[in-house]
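In the order they appear, the protein sequences are chains A and B. Numbered according to this note's numbering, the first sequence spans residues 70 to 564. Numbered according to this note's numbering, the second sequence spans residues 70 to 564.
Treat each hint with caution, since some may be false.
Where chains are identical, the list cannot tell them apart; a pair therefore holds if satisfied intra-copy or between any two copies.
When the alpha-carbon atoms are kept at most 20 Å apart in a straight line, the in silico DMTMM-like pairs for lysine to aspartate or glutamate are as follows [what the hints assert, rightly or not]:
(1) Lys452 to Glu299
(2) Lys452 to Glu462
(3) Lys166 to Asp385
(4) Lys74 to Asp228
(5) Lys513 to Glu478
(6) Lys141 to Glu560
(7) Lys113 to Glu187
(8) Lys126 to Glu147
(9) Lys166 to Asp91
(10) Lys167 to Asp358
(11) Lys513 to Asp91
(12) Lys291 to Glu530
(13) Lys74 to Asp124
(14) Lys513 to Asp289
(15) Lys417 to Glu138
(16) Lys166 to Asp228
These are calculated hints, taken from the structure and not from any lab test.
Protein chains: 2
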Amino acid sequence: MLALKHVHVTSFNENTVYVHKDCSTYQVEDVASLTKMEIHGGVKPVYAFLQVVDDAKIVKPNELGLNTEAFKLINIPEGANVSMTIASRPPSLNAIKKKIAGNILSAGEYRSIAHDIEQRRYSNMDIVSFLVSTGAFMTAPEVLHMTEALIGDKTINWDNENIIVDHHSLGGVPGNKTDIVITAIVAAYGLPIPKTASRSLTSTAGVADTFAVLANVNLDEKTLQKSIRENRGAIACYQSMDIAPVNRLVRSVERQIGITQKEHVVSSILAIKIATGVTHLVIDIPVGDKARIKNTNDALRIRKLVEYVGDMLSIDIDAVITDGSEPIGNGVGPVLEARDVMKILRNKEDAPEDLKEKSLFLAGRILEFDPKLKGGQGYAVAKEILQSGRALEALNKIIHTQGKAPQPELGHLTREVLAPYSGVVERIDNQRINSIGVWAGANKFAGAGLDLLKKVGDKVEQGDVLYRIHSGTSTDFAYANSAVEGYSGYEISRE
Amino acid sequence: MLALKHVHVTSFNENTVYVHKDCSTYQVEDVASLTKMEIHGGVKPVYAFLQVVDDAKIVKPNELGLNTEAFKLINIPEGANVSMTIASRPPSLNAIKKKIAGNILSAGEYRSIAHDIEQRRYSNMDIVSFLVSTGAFMTAPEVLHMTEALIGDKTINWDNENIIVDHHSLGGVPGNKTDIVITAIVAAYGLPIPKTASRSLTSTAGVADTFAVLANVNLDEKTLQKSIRENRGAIACYQSMDIAPVNRLVRSVERQIGITQKEHVVSSILAIKIATGVTHLVIDIPVGDKARIKNTNDALRIRKLVEYVGDMLSIDIDAVITDGSEPIGNGVGPVLEARDVMKILRNKEDAPEDLKEKSLFLAGRILEFDPKLKGGQGYAVAKEILQSGRALEALNKIIHTQGKAPQPELGHLTREVLAPYSGVVERIDNQRINSIGVWAGANKFAGAGLDLLKKVGDKVEQGDVLYRIHSGTSTDFAYANSAVEGYSGYEISRE
Chain A
70 MLALKHVHVT SFNENTVYVH KDCSTYQVED VASLTKMEIH GGVKPVYAFL
120 QVVDDAKIVK PNELGLNTEA FKLINIPEGA NVSMTIASRP PSLNAIKKKI
170 AGNILSAGEY RSIAHDIEQR RYSNMDIVSF LVSTGAFMTA PEVLHMTEAL
220 IGDKTINWDN ENIIVDHHSL GGVPGNKTDI VITAIVAAYG LPIPKTASRS
270 LTSTAGVADT FAVLANVNLD EKTLQKSIRE NRGAIACYQS MDIAPVNRLV
320 RSVERQIGIT QKEHVVSSIL AIKIATGVTH LVIDIPVGDK ARIKNTNDAL
370 RIRKLVEYVG DMLSIDIDAV ITDGSEPIGN GVGPVLEARD VMKILRNKED
420 APEDLKEKSL FLAGRILEFD PKLKGGQGYA VAKEILQSGR ALEALNKIIH
470 TQGKAPQPEL GHLTREVLAP YSGVVERIDN QRINSIGVWA GANKFAGAGL
520 DLLKKVGDKV EQGDVLYRIH SGTSTDFAYA NSAVEGYSGY EISRE
Chain B
70 MLALKHVHVT SFNENTVYVH KDCSTYQVED VASLTKMEIH GGVKPVYAFL
120 QVVDDAKIVK PNELGLNTEA FKLINIPEGA NVSMTIASRP PSLNAIKKKI
170 AGNILSAGEY RSIAHDIEQR RYSNMDIVSF LVSTGAFMTA PEVLHMTEAL
220 IGDKTINWDN ENIIVDHHSL GGVPGNKTDI VITAIVAAYG LPIPKTASRS
270 LTSTAGVADT FAVLANVNLD EKTLQKSIRE NRGAIACYQS MDIAPVNRLV
320 RSVERQIGIT QKEHVVSSIL AIKIATGVTH LVIDIPVGDK ARIKNTNDAL
370 RIRKLVEYVG DMLSIDIDAV ITDGSEPIGN GVGPVLEARD VMKILRNKED
420 APEDLKEKSL FLAGRILEFD PKLKGGQGYA VAKEILQSGR ALEALNKIIH
470 TQGKAPQPEL GHLTREVLAP YSGVVERIDN QRINSIGVWA GANKFAGAGL
520 DLLKKVGDKV EQGDVLYRIH SGTSTDFAYA NSAVEGYSGY EISRE
């Protein structure tokens, strides 16, 4: 038996057990490769990877250390007696072997996999096996089974509401923050919209990153329910909420390996929405050769898939194919995007028209979920709510309930990217704009990003500013600058 | 800039960078998921996963900690100035996306992947992506390209030798330690045989585990060359040798996820053999419904594949399909297997006949690589060498050169598993015997394992001992005992 020690290291959902190389109980010097251990002493065994320590300040030979994640799970005090054995293989890994061999997995198999992931019997590497093996192909019923497995046991309860709406975009289009405008309009109308959004690591900004410029987005369930009760709307980061825990673990690994399959995105989004108690959902499918969905055929396939899974799980889905050929709005990066959103809500003349129109269009589709509204009236109602200032008022109330954020400043290091010759902006490359935004630091610092002053179709004179880069640190600024020298992302046709 | 600190933790080929949560330079509190960092300060950047620390005894806010693996790679002293950025994606990961989508990868793509793995730009999770995506299917040319990519830059040089032989079994059959007997016979004959073997974690014993009972197997290249020069034979653990480094990294991850594809096994074995300078190789393909290769069709496919890759890479391969329907020899577990091997070499009457005959057969095939030997004479020559005691003499010389091991004792906790009724042993389940051996502790403690007193075809009376379990610790013993209660692995038909 060894004495438990909390090693204060956070490893992002990977559990670690630290054993001293001269451990008094376990011979670990001979261990030659990664070994998953089963730690005994708590109510349930905890699974963790063995790491060998040669520093008694971290763990002593008579101690067994657990990192912060594993220590929370074992849930017994430091100093308690603990022991370990080599973990047996979670049986559901056999289903993954079957999937690699090209088979279709059953609902039960997806459930077993999700169960083992929830019990932390899967390492991050095992989760990668799951993602990559199912990445090759999944039938529509498999996507359904995966969605069901990801929902988890707990869904948010909305006692007296008949209808809970939300909106989600499949993404890949920089600046596309319709969600905040939509939430404001729909909440002002009075349909309850607990918008769940995500933070981003690899793109310039997720909806949660942008709204975090204005308000606290790390809501617990109570605050979310309070804001819906009082304001009919809320925007919360799903990663901070206690729903669909398996989905959270799987997505965290998926981000790291950077391999995103559409079937996984669909099951993940629907699982979160269903766990949040959403009954009616608009899904925005932007299509563009540099968006996530490249062509209309793919978009139609995704739409059918989303509709099928939605039908089977009794969530009403309106999947809308939209133009994803260029960035939406002017700002790319949290602070700049929040500025665009507020311009629209304040009915400013220089508000970006494309972002405003897309928001009105999608908000209109959501409003039409209301049986009291006649078909075709959604857009006009949404427009009236926006122009009257009621949408702004609704968002301010939401911000007040969620807690106002200390608004970060715009990055003070700027560079203007100029038109090399006169002509017309022919094309703006979403992926390149996103990359330059990330190099400028937008995924780490809310004030960084790009301000797009010209959009597709605009006439430009040689030397006109196409866009302005904002960075917060000189390193990021240098990265973004050197990236721009290569290829700015803008294509201009000579007149 | 932060000051470098060596955090004395070994994580088995995963690099870790430790940053204090109140780091003076990098804001890490907001980091929400696994992030791969690029650490600058050494000659080449080092890639490592970020972990956040809340204990100044591990790292202080002005320090950047690297675990032992990463600290070795950065190769600059503690206290040196270091900085970090978020790592960009290794470009070869795009090839993995292509593979997931069902494409065939080129030689160049396999090379790029291997290069990025060698540079440690792949995390273990990325390596899993590679393994699982190629696990779905690989064409024969892909297996060739993967083998080439795994060989690496360095191959062992055997100046004056025209022919270097070796033997390898595809495995899955408990007790099957022909390799040691074969090495002794071939070395005694005079053909140089630098046998590379592996340690096992998940099965009762690899060849390296068993030979480690008799001699040191962690050889450097010099000792290997010395033993070949002086004794014509050596048995070395490939994991401890500085060859095929990418293969070592990939295999370490493969063991952890427990998903082994035959194509990967073929490329791995051939890469190691070629990197060791082997020119002539006998491959043993045991077939049995509880062996790794289940049926003759599969075995023939593997043989064709091995022959194709061997031809293209100019290594002469004799692939032999053998009977893998039951364990070979009596001992299962390092000490018991070593006992069997020594009985054979000492020409003891109670030496296991099946292990002896299989060893002679395979040794004979290797001897026939010698152009001076007439076809069909190999077996007889091998038998003469064994019976004359020259094989034993050769092995003793090899043990002397490699360094004699402090022979571990047989596990003192024993249990006899008895025949429940009289009859004939119909079948012995390889997988079950292996599992019970592992539960008994054979993968951790060399003295643990099973001693099989009855084999298929043997008549047994009710109460006869079928096999004896040996364990070193009461925990392992209890595991093995409870496993036996369920299913002993023996099937007996009533007379």
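Okay, the hints, checked on the actual structure:
no.: 1; hint: Lys452 to Glu299; in the structure: neither (23 Å within a copy, 90 Å between copies)
no.: 2; hint: Lys452 to Glu462; in the structure: within (15 Å within a copy, 94 Å between copies)
no.: 3; hint: Lys166 to Asp385; in the structure: neither (35 Å within a copy, 33 Å between copies)
no.: 4; hint: Lys74 to Asp228; in the structure: neither (43 Å within a copy, 54 Å between copies)
no.: 5; hint: Lys513 to Glu478; in the structure: within (13 Å within a copy, 58 Å between copies)
no.: 6; hint: Lys141 to Glu560; in the structure: neither (52 Å within a copy, 46 Å between copies)
no.: 7; hint: Lys113 to Glu187; in the structure: within (13 Å within a copy, 39 Å between copies)
no.: 8; hint: Lys126 to Glu147; in the structure: both (15 Å within a copy, 17 Å between copies)
no.: 9; hint: Lys166 to Asp91; in the structure: neither (37 Å within a copy, 43 Å between copies)
no.: 10; hint: Lys167 to Asp358; in the structure: between (34 Å within a copy, 17 Å between copies)
no.: 11; hint: Lys513 to Asp91; in the structure: between (41 Å within a copy, 16 Å between copies)
no.: 12; hint: Lys291 to Glu530; in the structure: neither (54 Å within a copy, 71 Å between copies)
no.: 13; hint: Lys74 to Asp124; in the structure: both (14 Å within a copy, 13 Å between copies)
no.: 14; hint: Lys513 to Asp289; in the structure: neither (23 Å within a copy, 46 Å between copies)
no.: 15; hint: Lys417 to Glu138; in the structure: neither (47 Å within a copy, 56 Å between copies)
no.: 16; hint: Lys166 to Asp228; in the structure: neither (43 Å within a copy, 44 Å between copies)
The structure shown violates the earlier hints numbered 1, 3, 4, 6, 9, 12, 14, 15 and 16.
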